[in-house]
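These protein sequences, in sequence, are chains H and E.
Position 217, counted from 1, in the first sequence is what this note's numbering calls 787; the numbers after and before it change by one each time, with no gaps.
Position 160, counted from 1, in the second sequence is what this note's numbering calls 161; the numbers after and before it change by one each time, with no gaps.
No wet-lab data here; the hints were simulated from the structure.
Some clues are possibly wrong.
[Unchecked claim] The list that follows gives simulated cross-link-like pairs (lysine to aspartate or glutamate, DMTMM-like), each with its CA atoms no further than 25 Å apart: (1) E:K100 / H:E745; (2) E:K100 / H:D864; (3) E:K100 / H:D702; (4) E:K100 / E:D217; (5) E:K100 / H:E668; (6) H:K795 / H:D864; (7) H:K748 / H:E781; (8) E:K100 / H:D739.
All figures in this text were calculated on a predicted structure; none of them were measured in a lab.
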Amino acid sequence: MSDPPIITAEALVKSFGSTVALAGVDLEVERGTVLGLLGRNGAGKTTLVRILSTLLAPDVGHARIAGADVVRDAQTVRSRIGLAGQFAAVDETLTGRENLELVGRLYGLGRREARARAGEVLDRLTLATAADRLVLTYSGGMRRRLDLGASLIGRPLVLIMDEPTTGLDPGTRIELWKFIDELVREGTTLLLTTQYLEEADRLADRIAVIERGRMIATGSPSELKQRVGGDVLEVRSANFGDLDRLVTLLSGLGSGPPVADVRGQRVTLPVSDRVSTLFAAARRIEESSIEIDDLSLRRPSLDDVFLALTSPGRPAESGTPTSPRNGHSAYERVVA
Amino acid sequence: MVAAPPARVRSHGPIAFGRDTVLITHRHLLRMWRTPQIMVLSAIMPIMFVLLFRYVFGGSIRVPGYTSYVDFLIPGILVQTVIFGASSTAVGLADDVSKGVTDRFRSLPIHRGAILAARTLADVMRLTYTVALLIGVGLLVGFRMHTDVLSVLAGLGIAVFFGYACSWLFALLALAVRDTETAQLAAFLVTFPFVFAASTFTSTAMMPPWLRTFADAQPVTKVADALRALMEGTGSASGPALSALIWSAGILIVASSLATWRFRRI
Chain H
571 MSDPPIITAE ALVKSFGSTV ALAGVDLEVE RGTVLGLLGR NGAGKTTLVR
621 ILSTLLAPDV GHARIAGADV VRDAQTVRSR IGLAGQFAAV DETLTGRENL
671 ELVGRLYGLG RREARARAGE VLDRLTLATA ADRLVLTYSG GMRRRLDLGA
721 SLIGRPLVLI MDEPTTGLDP GTRIELWKFI DELVREGTTL LLTTQYLEEA
771 DRLADRIAVI ERGRMIATGS PSELKQRVGG DVLEVRSANF GDLDRLVTLL
821 SGLGSGPPVA DVRGQRVTLP VSDRVSTLFA AARRIEESSI EIDDLSLRRP
871 SLDDVFLALT SPGRPAESGT PTSPRNGHSA YERVVA
Chain E
2 MVAAPPARVR SHGPIAFGRD TVLITHRHLL RMWRTPQIMV LSAIMPIMFV
52 LLFRYVFGGS IRVPGYTSYV DFLIPGILVQ TVIFGASSTA VGLADDVSKG
102 VTDRFRSLPI HRGAILAART LADVMRLTYT VALLIGVGLL VGFRMHTDVL
152 SVLAGLGIAV FFGYACSWLF ALLALAVRDT ETAQLAAFLV TFPFVFAAST
202 FTSTAMMPPW LRTFADAQPV TKVADALRAL MEGTGSASGP ALSALIWSAG
252 ILIVASSLAT WRFRRI
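The task is simple: from the sequences and hints, build the whole structure.
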C-alpha cells in the first residue's frame, strides 16, 4: 500500500491587488522525497511556500500537509513543519543556543527538553563550539545553518526551505547541501525552492517548474532533461546583437526550436541527429558570416530544460520550429 | 525515519497565550539588555528636553497658576516620553517583520496573539524605566510634587497606560509600512503635532483659537492635564483622570483590534 502524498495542493490561487502570484497551482509531494520548486524571481515560489507554511491564506484552493488543512487546521500544520526562510531569521543579540531554545520552548517543549534538543541540533549542524557566542559574531553560512537548525527543533515531518542557499558562497552552499542530504536520508520530506538549476539537480527527486504562477512542468531531473530531446547544439555568438539572426538561421535544423540565452550570449538547439545537424549548422553559420566564438554538442542540462520550458509559445515537446520574434524581451529568459 | 512525534499542538487558550507572551517578551528584553547603547540613548532624549525647557526656554515661559515652571514642565515631558518611548514599538516590530523574525514566530505552533502582546509588553517595560529615570532627573532640577503618594502613583500609572495604548498604535503603523526606516520616520511625523500642539510645554491658553481647539481636544493634553492634577494638585483630578483613561482605553481597544486584524494579513 502506498502512502498518500504528504503535501497536496489543489488549484491554489493567490493575488495581491492586480498581480496574480499563483494562478491555479496543483502539487503533490510523496513522503520522504525532495521536491525542488524551480522558478525565477517573481514566479510565485515564495507565495506558494508562504501558503504551505500557513503564513498566507490562498484566495482559492486547498492545501494539506500530512492530512491537515493549512487554513482550517493551521496550528496542526505548524506543529508538523519546519520553515527555513530566505533570510536567516535568527536573533543577532542572542546566542545560537538561546535562539534554538526559544524556538524549542515555543514548540511547546519544557525548559530541559528544549535545552537538550538545542544541544543536539547544534552538534548536528557543527555549531557546538559557537553555541554560546552571540549570533552577531557568526558568518553568513553559520547563520543560515542556525536558521536551518531552528526549523529542525520541532522534528518536522516536512521541512520547507525557501531559497536556502541564496547569497551563500559556493563552499558554504555545498556544506548546506550535505546537511540537507542527511536529513533526507533520515526520512524528512523536503520542499525547497531555488533559482539554481544545479541545486535542484543535486538535491531533488522531483522538480516542479513554476512560471508566472503556474506549474509548467514536473518530473524527475532526468525526465525533464529528456523532454528537451537528445543532445544540445550550442552556438556562442561573438556579438551580442547576432542572437536573433542565429535563432532564425538555426530554425528547422534541430528536433526543436532554437532558444536564445541572452546572459550566456548563446543559442541552444535540441538535436537528435547529432553529426549531420552539426555540419548543417556549421555550413549555415559560415555562409551567413555571423561571427561565433564556439560551436559544440553536449548533453542537455537543466538550464536547457528551463529555457525551453519557459519560452512562451514554445512547449518543449513540440518539434515545430517557431519563427523568431521581434524585440528583445522575448529572449530575456535567463535564469538569474 | 522521523523518530519522535511532532511537537504537540497547544496553541489556544489563556495559558498558551500567557506562556508564549512571556517567552517572546523575554527575548525582547534580552535584546534590550544586550544593546545598552539603545537604552542609554533613548533615555538621553527626554533628559535633554528637560534641560532645554528648564534652563533655555523655561525662563521666558509663564504658565498661569504655576509659580515654578518646572512643576508644569515635568508632567508634560512625561507624556512626551511615553509617546516617544512607545514609538520604539514601530521600529522594533517593523524590524522583526522585515527580517523574517515574525515569519519564524508565525510558522510556529504558538498563540498568534502572543507575538504582538509580547512586543508591546516589552516596550511598556522599557518605557516604565524611562519614566522612572525622568522623575529622578526632574527631582534633581527642582521638580516637586504637591500631592500624596497614591495620587502620584495613579498619575504615573495613567502615563504608562497611555504609553501602552500608543505602543499598539505604533504596532499598527509598523504593520502598515513594514520597512524599518519608514516606520521610524512615520512614527516621528505622526507623533510630532500631537506632542507639540498640546499642553505639553505650555498652557494652551496662549495658542491661537484654531490651534487651541485642537490642542484642548486631543489626548496628549488630556493626559498631561490629568498628570498635573494628580501630581501637582491643580484643581480636581477625577475629571481629567477619567478623560485620560477613556482616551487611553479607546486607543488601546481600537489600535489593538486593528493591529491584530492587520497582523493576520501580513
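Original post:
When you check the alpha-carbon spacing of K795 of chain H and D864 of chain H, does it fall within 25 Å?
Top reply: Answer holds: K795 of chain H to D864 of chain H is near 23 Å, not above 25 Å.
Original post:
Are the Cα positions of K100 of chain E and D739 of chain H separated by 25 Å at most?
Top reply: holds, 21 Å
Subject >> Pair hint outcome, K100 of chain E versus D702 of chain H [Cα-Cα no greater than 25 Å] >> reply: holds, 22 Å
**OP:** For the pair supplied as a hint, K100 of chain E and E745 of chain H, confirm whether the alpha-carbon distance does not exceed 25 Å.
**Re:** At roughly 24 Å apart (the allowed maximum being 25 Å), E745 of chain H and K100 of chain E satisfy the hint.
**OP:** For the pair we were handed, K100 of chain E and E668 of chain H, check the Cα-Cα distance against 25 Å.
**Re:** holds, 18 Å
**OP:** Would you check the hint for K100 of chain E and D864 of chain H, treating anything up to 25 Å between C-alpha atoms as holding?
**Re:** violated, 45 Å
Subject >> Hint consistency between K100 of chain E and D217 of chain E [alpha-carbon to alpha-carbon, up to 25 Å] >> reply: violated, 40 Å
Subject >> Given pair status - E781 of chain H, K748 of chain H, alpha carbons within 25 Å >> reply: With Cα atoms ~28 Å apart, K748 of chain H and E781 of chain H exceed 25 Å; violated.
Going down the numbered hints, you'll see the structure goes against 2, 4 and 7, while the others check out.
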